Amino acid sequence: MAVSLREYRARIRSVESTKKITRAMELIAASRIIKAQQRAQQAAPYARELTRAVSALVTYAHVDHPLTTEPESPDRAAILIVTSDRGLAGAYSSSVLKEGERLAERLRGEGKEVVTYLTGRKGEAYYRFRGRPVADSWSGFSDQPRYENAREIGETLINAFTAEKGQPEQVDEVHLVYTQFRSMLVQEPHDVRMLPLEVVESEERPSKDEVLPLYEFEPSAEEVLNALLPKYVQSRIFFALLQASASELAARQKAMKSATDNAEELIKKYTRIANQARQAGITQEISEIVGGVNALADATAASE
Amino acid sequence: MAKTMQVSLVAADREVWSGEATVVNCRTLAGEIGILADHTPVMSVLAPGQVDVRTVDDGHWVAAVDGGFISVADNHVRLLCEFAEMAHESDFEEAKRLMEERKAASEGED
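These protein sequence lines map, in sequence, to chains A and B.
Numbering-wise, this note's numbering puts 1449 at position 107 of the first sequence, and it's gapless, one number per residue.
Numbering-wise, this note's numbering puts 39 at position 35 of the second sequence, and it's gapless, one number per residue.
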């Protein structure tokens, strides 16, 4: 009995140290979420102004641009899946990957060939393990994405989209799968078609009496649009990366919180079992002593 | 006192500066442009270079931008760029070091 008591004590100690680790991770994730949300807020003015400019251009200039034209017979679609670099975030990566699978299935159903782009080491590992081809992948920034990352990804995707028909990397549409941050408790995987750009509607429509100003474009509307649209795409990717990072941290905090709770539960359970074992040991020892004394007393009584 | 206008300089990941100003000078692809209050609505592409702003009460600042856009409407000038840095916030030594680093990296690639 004494051996198993020692075993239980060792187990309690190991669960306690696990609990310390998960608790620390929970607190770290919680403090990082605030930073991630601040970053998202700081990036908002740029996205808002860019959206305004694009709406003004599209409304007034009526120019066709390769990034907004629908290809005639789309048969290749690219998917960018935003996953995390590190695990211990519950179902975060697997649910966004699942969403990606669903989207790929749907696109294949429409007769399109699917090309996969990934960000995050978890996604890379998932695809490598299954031996599936990945067109390109980026990692190392999932918990604090920088604009440079979004720019690099955007350039690659725009190049693939604008490539001539017949080139190996050419695609007809680009989809983006990422996790939307709704609140600290709710994050859901979400997919959007990013390219060709759909007619851009500014989120906050100007009120009826306020008319969009009649801009002059310098050097020309086309050139402004040429420069503006890629930036717009990159800013949307940046937004998605920021949302994904906030979601990842929230998911990690949630996962670590329940891990800590579970550890506490386990410690309680083991402590009870250990106490029982100790008590059983004591009871046995007492009955052995009593039994021994009785036997001795019987022996001496018999000899006398 | 000269008429003023609202100016905001916005980088991709933060708002760098916003406030009242009297004159904005910057370089666009079509050439240098100077903007005073009540300018006609204009939208243009910025060339990499500097943005020069005279603020109210004779203040003055210069920022480096890597390109981007300028849009002027309703007496509000918006300068959008991916990366922007104010002259008085930037660190010359740090910038020089970064430049050398990048140079070395790009030479290494060739």
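If you are wondering where the hints come from, they were derived from the structure by calculation, not from laboratory data.
Just so we're clear, the structure is a prediction, and the values are computed from it rather than from any experiment.
Keep in mind that the hints are not guaranteed to be accurate.
For lysine to any residue, the following SDA-like pairs were computed, each having C-alpha atoms within a straight-line distance of at most 25 angstroms [unchecked claim]: (1) B:Lys107 with A:Asn1491; (2) B:Lys100 with A:Leu1430; (3) A:Lys1377 with A:Gly1482; (4) A:Lys1377 with B:Phe87.
Status of each hint after checking the structure:
no. : hint                     : verdict
1   : B:Lys107 with A:Asn1491  : holds, 20 angstroms
2   : B:Lys100 with A:Leu1430  : violated, 40 angstroms
3   : A:Lys1377 with A:Gly1482 : holds, 18 angstroms
4   : A:Lys1377 with B:Phe87   : holds, 20 angstroms
Violated hints amount to a single one, hint 2; each of the other numbered hints is respected by the structure.
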